[in-house]
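Undergrad: Residue numbers (the numbering used here), protein chains in the order written: chain A, 1 to 449; chain B, 1001 to 1222.
Bear in mind the hints are in silico, worked out from the structure with no lab data behind them. Hints should not be assumed to be uniformly reliable.
Unchecked claim - Ranges between beta-carbon positions, derived for each pair: (1) L1212/B to K268/A: 52 to 60 Å; (2) A1061/B to A180/A: 48 to 56 Å; (3) A180/A to L1212/B: 25 to 33 Å; (4) E238/A to A1061/B: 47 to 55 Å; (5) N1060/B to P66/A: 16 to 24 Å; (6) D179/A to A1068/B: 21 to 29 Å; (7) D161/A to L1085/B: 39 to 47 Å; (8) E238/A to N1060/B: 47 to 55 Å; (9) A1131/B to P90/A: 33 to 41 Å; (10) R1219/B to P90/A: 40 to 48 Å; (11) S1118/B to K184/A: 21 to 29 Å; (12) K184/A to A1061/B: 55 to 63 Å; (13) G1056/B to K184/A: 32 to 40 Å; (14) A1068/B to D161/A: 25 to 33 Å.
This structure is a prediction, so every number in the text was calculated from the model and none was measured. Ideal Cβ placement from N, Cα and C applies to all residues, glycine included.
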Amino acid sequence: MRERSHRTGPGNPARRGPRPVTGRNIGGLNSPRNGLRARAAQADSRHVRKGIRALIRIESVTKRYPDGTVAVDRLSLEIPDGSVTVLVGPSGCGKTTTLRMINRMVELSEGRILLDGADITRQPVNTLRRSMGYVIQNAGLFQHRTIVDNIATVPRMLGWDRGRARTRAMDLMERVGLDAGLAKRYPYQLSGGQQQRVGVARALAADPPVLLMDEPFSAVDPIVRKTLQAELLRIQEELGKTIVFVTHDIDEAIRLGDMVAVMRTGGKLAQFAPPDELLSAPADEFVEDFLGAGRGVRRLSFFTSAGLELTTDPVVAVDASAAQIAERATDDVPYLLVTDADGRPLGWARAKDAVGGEGLDAAQLLSHGRPFEFGRDSLRDALDCAVLSPTGWAVAVDGDGRVVGVASQETIAGAIRDAHAERKGSADRKAAAGAPGGPGATGARRTAR
Amino acid sequence: MSIFHFINAFFSDGSHWHGYDGIPTRIMEHLQYSFMALGIAAGIALPVGLITGHTGRGGNALALIATAARALPSFGLLVLMFFWLGIGLTPVMIPLVALAVPPILVTTYEAVRTVDPSPVDAARGMGMGPAAVLFQVELPVALPLILSGLRSAAIQVVSTAAIAAYVSLGGLGRYVIDGLYQRNYEIVVGGATLIAGLALAMIALFWLVERLVVSPGVRRGR
Chain A
1 MRERSHRTGP
11 GNPARRGPRP
21 VTGRNIGGLN
31 SPRNGLRARA
41 AQADSRHVRK
51 GIRALIRIES
61 VTKRYPDGTV
71 AVDRLSLEIP
81 DGSVTVLVGP
91 SGCGKTTTLR
101 MINRMVELSE
111 GRILLDGADI
121 TRQPVNTLRR
131 SMGYVIQNAG
141 LFQHRTIVDN
151 IATVPRMLGW
161 DRGRARTRAM
171 DLMERVGLDA
181 GLAKRYPYQL
191 SGGQQQRVGV
201 ARALAADPPV
211 LLMDEPFSAV
221 DPIVRKTLQA
231 ELLRIQEELG
241 KTIVFVTHDI
251 DEAIRLGDMV
261 AVMRTGGKLA
271 QFAPPDELLS
281 APADEFVEDF
291 LGAGRGVRRL
301 SFFTSAGLEL
311 TTDPVVAVDA
321 SAAQIAERAT
331 DDVPYLLVTD
341 ADGRPLGWAR
351 AKDAVGGEGL
361 DAAQLLSHGR
371 PFEFGRDSLR
381 DALDCAVLSP
391 TGWAVAVDGD
401 GRVVGVASQE
411 TIAGAIRDAH
421 AERKGSADRK
431 AAAGAPGGPG
441 ATGARRTAR
Chain B
1001 MSIFHFINAF
1011 FSDGSHWHGY
1021 DGIPTRIMEH
1031 LQYSFMALGI
1041 AAGIALPVGL
1051 ITGHTGRGGN
1061 ALALIATAAR
1071 ALPSFGLLVL
1081 MFFWLGIGLT
1091 PVMIPLVALA
1101 VPPILVTTYE
1111 AVRTVDPSPV
1121 DAARGMGMGP
1131 AAVLFQVELP
1141 VALPLILSGL
1151 RSAAIQVVST
1161 AAIAAYVSLG
1171 GLGRYVIDGL
1181 YQRNYEIVVG
1191 GATLIAGLAL
1201 AMIALFWLVE
1211 RLVVSPGVRR
1221 GR
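All chains should be built: construct the whole structure from the sequences, respecting the hints.
TA: Right under this line is the structure:
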């Protein structure tokens, strides 16, 4: 449990899990990057610190327009390698300007930006841009080119032959979840969500270490957006790119970001922290307002449900004998969770109705609501299940949907208290040891629910 | 005497189909003037229109020039150039080119300027240079509109190229002008019909060109 609940910092390979090795070298990052990430991981790159190599380092950058408007004001950020850094803030906070200064779509006025230790102005601008994937709001597909040719754009610019570029493009279509049958279609024949997948595939085509994403999912409807967010996290698990992601949607920032930079109007950085820390300790009133209501509950999505104490006492199979039912239905157990022969939940039965009756009648069961996946879903999911359950008990299932136990609202509340205490304790220990790095425990894998 | 009678008489007269004054010769001359004028006009207007459209600068100046050029009377310009430069192709080309430049220039500028900015932004962000952005991103999308500018220029030039005959050159205008002098309305109507037919053929030609060079993604996308 300890291992599970320890959320490793951005860039830690442990969090990413085993990287699938594919023969096609998709996501085959150059070995220097892997080494770089490993070093970053050793030092727990949770916070911006001196001495850790960040792939992108923004140093006291200011953007001032000729009319005197300051879009970005002395911004410094270290973007951790191999992780998602989200720039979020209200409109006019300079987040897009910041992103566009990284690939020099906007030239900075003061300060400098380092890519892998070298000033970005040291190489030709188009060479720089070809080394970074770029995804924009409306996908910006080339309507005169087929989907496969759109994706093959950068490889072709880099001099790949047509066959190789197309093969690569087809691989990427599969990776971003596009049907191969769409390859010969034109952009206007695709839905907005599909177009944005093409946009992501096109940005990944030349396997750049860096991906710049400028409000990529803002123009699609909320359901498609959630799917795309989940897909991005999945792709990121596999590829481990250094992603800079701009959004105005704080929920998106919290869902996607390993690190979140909240910016305020005038191009100033308000807070740069992991989402969990952002929710638990907003730096000031502006960040607190921007985060909105329900911070405490939302933060629970960073706590794993793996430590929850489950009980199997009220769980009975639908074909249980009267004696078995009677044995289960003690005074402490007002409801019994009835499962089918495979252990999948069917619903709740009133204990006093079940005892002495002629077995369990599946038709009279109360709904068990949506169960949560034990260990994988967060405490927030578990709490949600308990709150929505007619009995006040949440049903925990395994990956195959079989019941592993149930937990009451009180049990979950206890687990929340324990998790908070543990998180605080680990933060205190780190502070006492003088070690950099913040609260270390966020166990729940982010799911784009 | 109806127009159809004239047309019928003109085209059924076998002598109209042969020799230096025959229909094939005159059509070839007419097309030669037209395409030469169109080529020169496109050579001037396309680059200027593409570059101004790409940069988005110089639109006001363009509109001014185009309006001024449109106000020029082709026939008056022809006579003026004829007296100035004497007999030759140049005095004919000048008014025809002046006629063709404005529609090509204005539509090309507008076509490139109004291309959706997001693919252009994406292309620049991917590391395409200005020339690649113009030719690989903006031009293919702007092509239908640019072709429509070329088409209307072609129709106007083909219709107006008849004035070449006024300064002793050939072309289908020969029939119209000679016929008027000779009071032979059969030839006048025949020549005019051929000019109109040629103008319609231009529309067909450009339709075909559009089918060939415009991507289906752009054609059906609009």
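Undergrad: Taking the hints in turn, state whether each one holds.
TA: Evaluated hints:
Hint check: L1212/B to K268/A, Cβ distance near 55 Å, so the stated range 52 to 60 Å holds. Taken as a hint, the range 48 to 56 Å holds for the pair A1061/B and A180/A, whose Cβ atoms sit roughly 50 Å apart. Hint check: A180/A to L1212/B, Cβ distance near 28 Å, so the stated range 25 to 33 Å holds. As the Cβ distance of E238/A to A1061/B is approximately 53 Å, the hint placing it in 47 to 55 Å holds.
Take N1060/B and P66/A: their Cβ atoms lie about 21 Å apart, and the range 16 to 24 Å holds. For D179/A paired with A1068/B, a C-beta distance near 55 Å fails the hint of 21 to 29 Å. D161/A and L1085/B have their C-beta atoms about 54 Å apart, which leaves the hinted 39 to 47 Å range violated. The beta-carbon spacing between E238/A and N1060/B, approximately 52 Å, falls within the hinted interval of 47 to 55 Å.
Separation of A1131/B from P90/A is about 38 Å and conforms to the stated range, judged on CB atoms against 33 to 41 Å. A hinted range of 40 to 48 Å for the beta carbons of R1219/B and P90/A is consistent with their spacing of about 41 Å. Separation of S1118/B from K184/A is about 23 Å and conforms to the stated range, judged on CB atoms against 21 to 29 Å. For the hinted restraint 55 to 63 Å between K184/A and A1061/B, the CB-CB distance of approximately 43 Å leaves it violated.
With their beta carbons about 34 Å apart, G1056/B and K184/A fall inside the hinted range of 32 to 40 Å. A beta carbon spacing of about 50 Å between A1068/B and D161/A contradicts the range 25 to 33 Å that was offered as a hint.
This entry does not satisfy hints 6, 7, 12 and 14, going by the numbered hints stated previously.
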